[in-house]
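Assemble the whole structure, with the sequences as input and the hints as a guide.
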Amino acid sequence: MSAEYVDYATGEPIADTKAPSGPVNERWDTRRFEAKLVNPANRRKHTVIVVGTGLAGGSAGATLAEQGYHVVQFCYQDSPRRAHSIAAQGGINAAKNYRNDGDSVYRLFYDTVKGGDFRARESNVHRLAQISVEIIDQCVAQGVPFAREYGGLLDTRSFGGVQVSRTFYARGQTGQQLLLGAYQALSRQIAAGNVEMHPRTEMLDLIIVDGKARGIVARDLITGKISTYFADAVVLASGGYGNVFYLSTNAMNSNATAIWRAHRRGAYFANPCFTQIHPTCIPRTGDHQSKLTLMSESLRNDGRIWVPKAKGDTRPANQIPEDERDYYLERIYPSFGNLVPRDIASRAAKNVCDEGRGVGPGGQGVYLDFADAIKRMGRKAVEAKYGNLFDMYQRITDEDPYQVPMRIYPAVHYTMGGLWVDYDLQTTIPGLFAIGEANFSDHGANRLGASALMQGLADGYFVLPATINDYLARNPHKDEIDASHPAAVETVRETEDRLARLLAVDGDRTPDSFHREVGELMWEFCGMARTDTGLRKALERIPQIREEFWRRIKVPGTGEEFNQSLEKANRIVDYLELAELMCLDALHRAESCGGHFREESQTPDGEAARRDDEFGYAAAWEFTGTGQAPTLHKEDLVFEYVHPTQRSYA
Amino acid sequence: MKLTLRVWRQKNADAEGTMSTYEVDGISSDMSFLEMLDTLNEELILKGEDPVAFDHDCREGICGACSLVINGDAHGPERTTTCQLHMRSFKDGDTIDIEPWRASAFPVIKDLVVDRSAFDRIIQSGGYITAPTGSAPEAHATPVPKPDADLAFEHAECIGCGACVAACPNGAAMLFTSAKINHLNTLPQGAPERETRVLDMVAQMDEEGFGGCTLTGECATACPKGIPLMSITSMNKEWLRATRKVAKR
Amino acid sequence: MARTVWDSSVGKKTVMAVSGVIMLLYLVAHVIGNLKIFFGAGEFNHYAHWLRTVGEPFMHYEWTLWLIRVVLVVAVVAHAVSAYQLSRRDIKARPSKYVHKKPKASYATRTMRWGGIILALFIVWHILDLTTGTVHSGGFQEGHPYQNVVDTFSTWYGNVIYIVAMLALGLHIQHGFWSAAQTLGVGSRTRDRALKTTGNVLALLLTAGFIAVPVGVMTGVVS
Chain A
-11 MSAEYVDYAT
-1 GEPIADTKAP
9 SGPVNERWDT
19 RRFEAKLVNP
29 ANRRKHTVIV
39 VGTGLAGGSA
49 GATLAEQGYH
59 VVQFCYQDSP
69 RRAHSIAAQG
79 GINAAKNYRN
89 DGDSVYRLFY
99 DTVKGGDFRA
109 RESNVHRLAQ
119 ISVEIIDQCV
129 AQGVPFAREY
139 GGLLDTRSFG
149 GVQVSRTFYA
159 RGQTGQQLLL
169 GAYQALSRQI
179 AAGNVEMHPR
189 TEMLDLIIVD
199 GKARGIVARD
209 LITGKISTYF
219 ADAVVLASGG
229 YGNVFYLSTN
239 AMNSNATAIW
249 RAHRRGAYFA
259 NPCFTQIHPT
269 CIPRTGDHQS
279 KLTLMSESLR
289 NDGRIWVPKA
299 KGDTRPANQI
309 PEDERDYYLE
319 RIYPSFGNLV
329 PRDIASRAAK
339 NVCDEGRGVG
349 PGGQGVYLDF
359 ADAIKRMGRK
369 AVEAKYGNLF
379 DMYQRITDED
389 PYQVPMRIYP
399 AVHYTMGGLW
409 VDYDLQTTIP
419 GLFAIGEANF
429 SDHGANRLGA
439 SALMQGLADG
449 YFVLPATIND
459 YLARNPHKDE
469 IDASHPAAVE
479 TVRETEDRLA
489 RLLAVDGDRT
499 PDSFHREVGE
509 LMWEFCGMAR
519 TDTGLRKALE
529 RIPQIREEFW
539 RRIKVPGTGE
549 EFNQSLEKAN
559 RIVDYLELAE
569 LMCLDALHRA
579 ESCGGHFREE
589 SQTPDGEAAR
599 RDDEFGYAAA
609 WEFTGTGQAP
619 TLHKEDLVFE
629 YVHPTQRSYA
Chain B
5 MKLTLRVWRQ
15 KNADAEGTMS
25 TYEVDGISSD
35 MSFLEMLDTL
45 NEELILKGED
55 PVAFDHDCRE
65 GICGACSLVI
75 NGDAHGPERT
85 TTCQLHMRSF
95 KDGDTIDIEP
105 WRASAFPVIK
115 DLVVDRSAFD
125 RIIQSGGYIT
135 APTGSAPEAH
145 ATPVPKPDAD
155 LAFEHAECIG
165 CGACVAACPN
175 GAAMLFTSAK
185 INHLNTLPQG
195 APERETRVLD
205 MVAQMDEEGF
215 GGCTLTGECA
225 TACPKGIPLM
235 SITSMNKEWL
245 RATRKVAKR
Chain C
1035 MARTVWDSSV
1045 GKKTVMAVSG
1055 VIMLLYLVAH
1065 VIGNLKIFFG
1075 AGEFNHYAHW
1085 LRTVGEPFMH
1095 YEWTLWLIRV
1105 VLVVAVVAHA
1115 VSAYQLSRRD
1125 IKARPSKYVH
1135 KKPKASYATR
1145 TMRWGGIILA
1155 LFIVWHILDL
1165 TTGTVHSGGF
1175 QEGHPYQNVV
1185 DTFSTWYGNV
1195 IYIVAMLALG
1205 LHIQHGFWSA
1215 AQTLGVGSRT
1225 RDRALKTTGN
1235 VLALLLTAGF
1245 IAVPVGVMTG
1255 VVS
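Chains as they are written, first to last, in the numbering used here: chain A, -11 to 638; chain B, 5 to 253; chain C, 1035 to 1257.
These aren't lab readings, by the way, just hints derived from the structure by calculation. Glycine included, C-beta positions come from ideal geometry on N, C-alpha and C. Check before you lean on any hint, since a few could be wrong.
Claimed, not checked - Some, not all, of what chain A presents toward chain B, calculated at C-beta under 8 Å: (1) Thr51; (2) Gln65; (3) Arg69; (4) His72; (5) Gln126; (6) Gly139; (7) Arg159; (8) Ala239; (9) Met240; (10) Gly274; (11) Pro544.
Unchecked claim - Which chain B residues face chain A? A few, computed with CB under 7 Å, are given here: (12) Met35; (13) Glu39; (14) Ala57; (15) Cys62; (16) Glu64; (17) Cys67; (18) Ile127; (19) Gln128; (20) Tyr132; (21) Ala135; (22) Ala140; (23) Val148; (24) Pro149.
Encoded structure:
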């Protein structure tokens, strides 16, 4: 008998047993010292599977191989160089204090815990801040061409509303340059034979033997062949799940299958409702829209955001007189103005559009106006500062932002939630690790700008390679397993059945039509502002879509060939389950915090109201069956150093 | 608008390919080129036909996955990637020819999808700086003059899409290879492997079956990231220098 | 090192560039010598004789000339063989053409291969005509180059072959000079304009200088 999905069960609390106690700044040293090591001569006998080749996966694969492990790595792209980390623009934070502006490891730690709205673990965040310094050294040594000053030293800028200048960058392509650095390090190990790379190969399930992660089932996307791969440990570095929303700034093929399949096999999924909506994206132009493009947040430094005061005002922007414009961020938040944090700016844009004052097609946009900046600084200066962004905007929209104000609208950008991991980045399945955006650990309920790159590389270059030793040393697998093992046979059979079922339906709706439908539902009810009623509505609707999906999906072709429709449909199967969990998590967390805004929980002036007494925990969900209410395991968050306070930007 | 598309269809690597004609209607000028193809594919799926396979991922011009030759131009008529090309570059009633990258080093996998793993092997042969994790000195230990850092960055912008190879009448990978060599050889960090890097990467490039350079300049014209033709000149210089140095050793 | 150079596409291109530059230097000397024809048979024939005695007494009669000939033959062969091998490689690298064709590179660039073949055939004819006299029209006279030249350009086909070849030479040098500079790595952003101009000027001067001779004969300035 299946329980209603809204009525979840609460299980045993969960605790991070790996984080050492003691002063926060000594914990990482302590853990590294206590972790068992694997004798260098024995390392090549251990195989580690790494899924994904982004900043986290690429750096982890390269580093594990350098240490002597045998790495078998996968990516769905045609080359490891194309992982979506490549699209990150802004920069990477590091507590180098090169500016002598008062930055320190402790300040980065403090800012990140506070920025995450007190829903992240102190131990993890402090480790991240410590390692940030080493990341920059590592990347420079690899030849990452960071921006430099005339003296030849590294340049930094301030980013995302912090008061110190700690963001290292390579023009607007920091993610690309860092990823290529990791890709090149990985390439060196591939050439050396230490990494066995499988591009165009997608992980479709996890193989568990005796309760431990021992391998994966993967599909060769060219031939369609389903194969099994075995290892002593499996590392998931497959990124976030923002594509549940259909429209997001994620790459088209970024997907949640690896982490969702791991979740179905027993890995807890933590804080799935924590998604970050970025306020400055180019608005959609119509139903054909396939993805959204981010415009760097730095534009808010000089652009002024406004909408017409009157509802349904369709006059072109330059015909709306000054006194009929509402510079709403400057009005509501006089001291921070246009520079309020991402979640606040996004929500304010949604509010004015909901009032019917949005601009552009469908009224889903607000103006970001540079007229005053051009008047003040001159066109030349604006061009020097933002020229490439203006060009990009013009290419996409065919509007000249020097003449007419840009139109922007918030879009799904990053997911803070992910697989629950302990201090060692190990999930609740022994031998299964999750790194980068795929895990939930460091950003709490909201991620600060330029911190995603930092976390991905910290996990991949430094944390995982240190902690995985301990697991491998304590779990020597004497038994050789192969494709004939019953667990492998069963997992392969389930995967093949699922694909066969998708191909057999032969209905009348395309995979994209379902993806769009669930995406729009999620955006409406589990997007920037969430309500009890809305979430319940979504929870009622999702199983219906899922039922319709299995009745009406049409996937052309066969499974034994290059079949992009089949790839898509199979990913949607998982979105249709994950969406449900996200809504449930959002429903159960009856507080507002970071990227999660519950309309029922706000201050009198409309700001997010956290409820630390009730919700000061990370919510780790255990899978119990498709459409069956999952079990909630709470991990209490303890703040010994940074004490929770309410954010205020008015 | 209404368009006629002539698209290269090829079932798999071993099959013969041919141009097939399709009509698409209701195309908005705000659509990206790939969204136009999405529209075609949605129709094909509902008709029970095989949709057109093409590589794409980030759709914001940085991952380098998209790779179409449109009316004879790699990435189409604008200097950008296919995913950033918009339908406003075309007129109602146009006939558009869409073909895959063509080079023997980039065999077709299906329709418009080609195998570019040769690029990965060129990088594997030396397109890196040996700096195992943990071995790095303090970042400010080696200052890099700003002009050098900027020059390295300009070449590091390459997205590995392969438009240079597709545009080159000789199917040469000189621009791709030179971009990486110049990126790393310009920086002091890249100096210890400066000679082996260029010699090994050029050798691998030859090994993969890419053609040679006749300096037609078409690679640089097609490059969506504006890697300059002069990049090849610098690589030639590095290669000659390395050949002389290694001979003396 | 020789092996490395010859086995590499970049190395082979270097061989082409170096041999091309050698031939180009020779052509500059050649055109200057040719222009002496406008100063009469005496001066021209005297110059031709000097070519055989240059370097004496250190060199024996015609030794210098033969040395130059050997260098030139090596250059021509190296240039042609590497061009042939590189072209084979290029064609193999791009076996199937685009259905939608669109010529884009400059005319000079696109005609390097055909131009090269035309020039190779021309060189054979040119030597048989004015060095050995094998195919010379109207009685080849050893030691009387002035008369031999006038004879050649008194026939319509002599003029046609020569002028077509010299136009091909101009185009070949226009792209070849700049191209060789890139191959040898001497090009740079600041130098690019100067290199292109030098290539164009050289192409123009050499073509004009060479063509001046048949034009001179045709118009009766030289007779």
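Now for the hints, and whether the structure bears them out:
At a threshold of 8 Å, the smallest CB-CB gap from Thr51/A to chain B is about 4 Å, leaving the interface hint in force. Evaluation of the Gln65/A hint against chain B yields a held restraint, the C-beta minimum of about 6 Å falling below 8 Å. For Arg69/A, the interface hint holds, since its Cβ comes within 8 Å of a Cβ in chain B; the closest pair sits about 6 Å apart. A distance limit of 8 Å between C-beta atoms decides the matter here; for His72/A the minimum to chain B is near 6 Å, and the interface restraint holds.
Taken as an interface hint, Gln126/A checks out: its beta carbon lies about 5 Å from the nearest beta carbon of chain B, inside 8 Å. Because the beta carbon of Gly139/A sits about 7 Å from the nearest beta carbon in chain B, less than 8 Å, this interface hint is met. Annotation: Arg159/A was flagged as interfacial toward chain B, and the flag holds, the nearest CB pair being 7 Å apart, inside 8 Å. Hint on Ala239/A holds. Least Cβ distance to chain B is approximately 4 Å, under the 8 Å limit.
For Met240/A, the interface hint holds, the least distance from its beta-carbon to any beta-carbon of chain B being 6 Å, beneath 8 Å. Against a cut-off of 8 Å between C-beta atoms, the interface hint on Gly274/A holds, since the closest Cβ of chain B lies about 6 Å away. Restraint check, Pro544/A versus chain B: the minimum CB separation of about 6 Å is within 8 Å; hint holds. Because the beta carbon of Met35/B sits about 5 Å from the nearest beta carbon in chain A, less than 7 Å, this interface hint is met.
Satisfaction of the interface hint for Glu39/B is found here, the shortest Cβ-Cβ separation to chain A being roughly 5 Å, below the 7 Å cut-off. The restraint placing Ala57/B at the interface with chain A holds, with a minimum CB-CB distance near 6 Å, inside the 7 Å limit. Hint status for Cys62/B relative to chain A: holds, with the closest Cβ pair at about 4 Å, below 7 Å. A least Cβ separation of about 5 Å between Glu64/B and chain A falls short of the 7 Å threshold, and the interface hint therefore holds.
With 7 Å as the threshold, the beta carbon of Cys67/B comes within range of chain A, its nearest partner Cβ sitting at about 4 Å, so the hint holds. The restraint placing Ile127/B at the interface with chain A holds, with a minimum CB-CB distance near 5 Å, inside the 7 Å limit. A cut of 7 Å between beta carbons decides the hint on Gln128/B: the least distance to chain A is about 4 Å, and the hint holds. The criterion of a C-beta within 7 Å of any C-beta in chain A is met by Tyr132/B, whose closest approach is roughly 4 Å, and the hint holds.
Interface restraint check: Ala135/B against chain A, minimum CB-CB distance 4 Å, threshold 7 Å, status holds. Of the supplied interface hints, the one on Ala140/B holds, with its beta-carbon coming within about 4 Å of a beta-carbon of chain A, less than 7 Å. With a least beta-carbon distance of about 5 Å to chain A, the hint placing Val148/B at the interface is held under the 7 Å criterion. Annotation: interface hint on Pro149/B holds; nearest CB of chain A at approximately 5 Å, less than 7 Å.
In this structure, none of the earlier numbered hints is contradicted; all agree with it.
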